[in-house]
Amino acid sequence: MRKPVPQRSPRFLLLPLLLPALLPLLAHAADGSDIMQKGGANPAAMPCITCHGTDGKGMAAAGFPRLAGLPEAYIAKQLADFKAGHRENAVMQPIAQSLTPEEVAAVAKAYAELPKVNIKPTPVERPQPGSGAWIALRGAWERNIPECTLCHGPAGVGVGDAFPPLAGQSALYIENQLKAWRGTKAVAATRKTKAVAAVPPSRRNDPNGLMAHIAVDLSDAEIKAVADYFAGLGESKEAFDESQHRLR
Amino acid sequence: MKNAKIFPALLLGAGLLAGVAQAADSTNAPRNPRLDDQTQLPKAPPKPARQQYFQPPADTDIPNNAFGELVRRGQDLFMNTKALAPEYVGNEMNCVNCHIDRGRKANSAPLWAAYPMYPAYRKKNNKVNTYVERMQGCFQFSMNGKPPAADSEILTALTTYAYWLSTGAPTGKALPGRGFDEPPPPKGGYDIARGKAVYEKQCQLCHGENGEGKKVGVTSVFPALWGKDSYNWGAGMHRINTAAGFIQHNMPLGRGETLSDQEAWDVAAYINSHERPQDPRLVNGSIDETRKRYHADDGVNLYGVVVNGKKLGQGVQ
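Protein sequence lines, in the order shown, are assigned to chains A and G.
Position one of the first sequence corresponds to residue 1 (the numbering used here), numbered consecutively onward.
Position one of the second sequence corresponds to residue 249 (the numbering used here), numbered consecutively onward.
Chain A on its own, in the form it takes in the complex:
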């Protein structure tokens, strides 16, 4: 495969002139791992690794998510949603907008091919009511909140293309996403404080509203607890054993 033109090389300056002629070529040249490391053809599409980590496992402390092993279709969908504004984020939106459709396809494929998160199939501990594990494994059905693992898979390893893994993501990232789906309610003024306007949800991209109502109905404490639970599962070095049942 032909390597794409490296950024900032002298030839790069000729690009605008050659662009019409090169376009068909470039479309084929989009190389996923190159985009990760050097960014897209448009310099605004910064190298992914600066934030998502050289191994694609994200940066927990900064709330940059893991991309390694996420489903290809899910990554492509998120980039499309950032572009279309269904998912608002000051950092990721300009990056997504600067990627060509070919680059999106290539980088989604490349990240999907990196190792998936791995959780040992050890018997799950019995969760205690009121804990993060309880929300994750039992839900809160009195509020129509199914256990997270019912959609995100046993131990939160993800299911198919539409249900991303929660295991492998940091507590901060999970918390941010739940709050993005929820937005914040308006707070009325009191004698001592000013009114605070409601902030509408900044993530509005869940299919059929499957996720939003869950985020809305969880308390802050529950969000923190369940985020800590999934972040705390860590990662196992043993390969995922497909032949073993994962218990609920």
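Just so you know, the hints here were simulated from the structure itself, not pulled from any lab data.
Note that the coordinates shown come from a computational prediction; the quantities given were computed from them, not determined experimentally.
We put the CB at the ideal spot given by N, CA and C, even for glycine.
Any given hint might turn out to be false.
[Claimed, not checked] Below, a sample of chain A positions facing chain G; criterion: calculated Cβ distance under 8 Å:
| # | residue |
| --- | --- |
| 1 | 53 |
| 2 | 150 |
| 3 | 153 |
| 4 | 207 |
| 5 | 246 |
[To be verified] As a list, the in silico SDA-like pairs of lysine to any residue whose alpha-carbon atoms are at most 20 Å apart:
| # | chain 1 | residue 1 | chain 2 | residue 2 |
| --- | --- | --- | --- | --- |
| 6 | G | 463 | A | 245 |
| 7 | G | 295 | A | 142 |
| 8 | A | 185 | A | 120 |
| 9 | G | 462 | A | 162 |
| 10 | A | 120 | G | 468 |
| 11 | G | 372 | G | 545 |
| 12 | G | 540 | G | 559 |
| 13 | G | 463 | A | 73 |
Put chain G on the given structure of chain A with help from the hints.
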């Protein structure tokens, strides 16, 4: 798929055939007539406004002794039936797939509303059915499997779990929330083609294009709605009316009570117009005879009915 407004015709057919079924001779009666039971539950009383459904005890109330151990074992079996009792499960289902929230959720045939209603007398066949027999029925039909023995550890644990969930529930008094609280049949009947559209928009993401469900490794996450991994043609869920009730209250997952009566019936009909494992009571290898004996009088169902040029009830393996 063509519009199939067959509902009125079906009811008529059901009425006509019911007489025939009763007249049929009994030489072909199933070997164990006591298992012959996924009959419809009587309608539960409505929940009075501003009153709560019965509240089963919390997990923290499970005692730490031999009884508590058995309760926990029953709950584990209820949630992980395929993994923990594979020799009795012929498909990929777990009890919890149809009895949501570990058998606790109202209008999802909760166990706390079931256990205190047995042994149950059935006028229709002048028989008494025990709670264990009812569960054996779910093993044979819903799980397309082989029922464990009445005194087996598995059924003892499952019974203990249901008994514990019913702590404080009155015996022999039907509680609101029992069964699936079916919506009334829509006036114009149901429509399979419309049901397909509902399915593609609201269900397919989880249950798959071919109703096959979704797995992670060998573990079923989204259960199959038809085909070999699903409930068989003898299961209560194969009745369109029963499935409509389950679906309206519990599906799409976490967003129950969002489908109209019409949508629930349409999508239930769509699901139940697909092939699934054969009714284990198959009479003389004949779909027609089996329909006459077991399906003609069993709510609204499509077993033995021709849909889109194909007679349903062939079964799949």
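The hints, checked one at a time:
1. 53: Nearest chain G Cβ about 25 Å off; hint violated.
2. 150: 7 Å, holds
3. 153: 5 Å, holds
4. 207: 6 Å, holds
5. 246: At 5 Å from the nearest chain G Cβ, residue 246/A passes the 8 Å test, so the hint holds.
6. 463/G with 245/A: 10 Å, holds
7. 295/G with 142/A: 16 Å, holds
8. 185/A with 120/A: 39 Å, violated
9. 462/G with 162/A: It holds: about 11 Å lies between the C-alpha atoms, which stays within 20 Å.
10. 120/A with 468/G: OK: residue 120/A and residue 468/G at ~17 Å, within 20 Å.
11. 372/G with 545/G: 11 Å, holds
12. 540/G with 559/G: 14 Å, holds
13. 463/G with 73/A: Roughly 18 Å separates the two Cα atoms, so the pair holds.
Hint compliance for this structure: hints 1, 8 are not met, and every other hint is.
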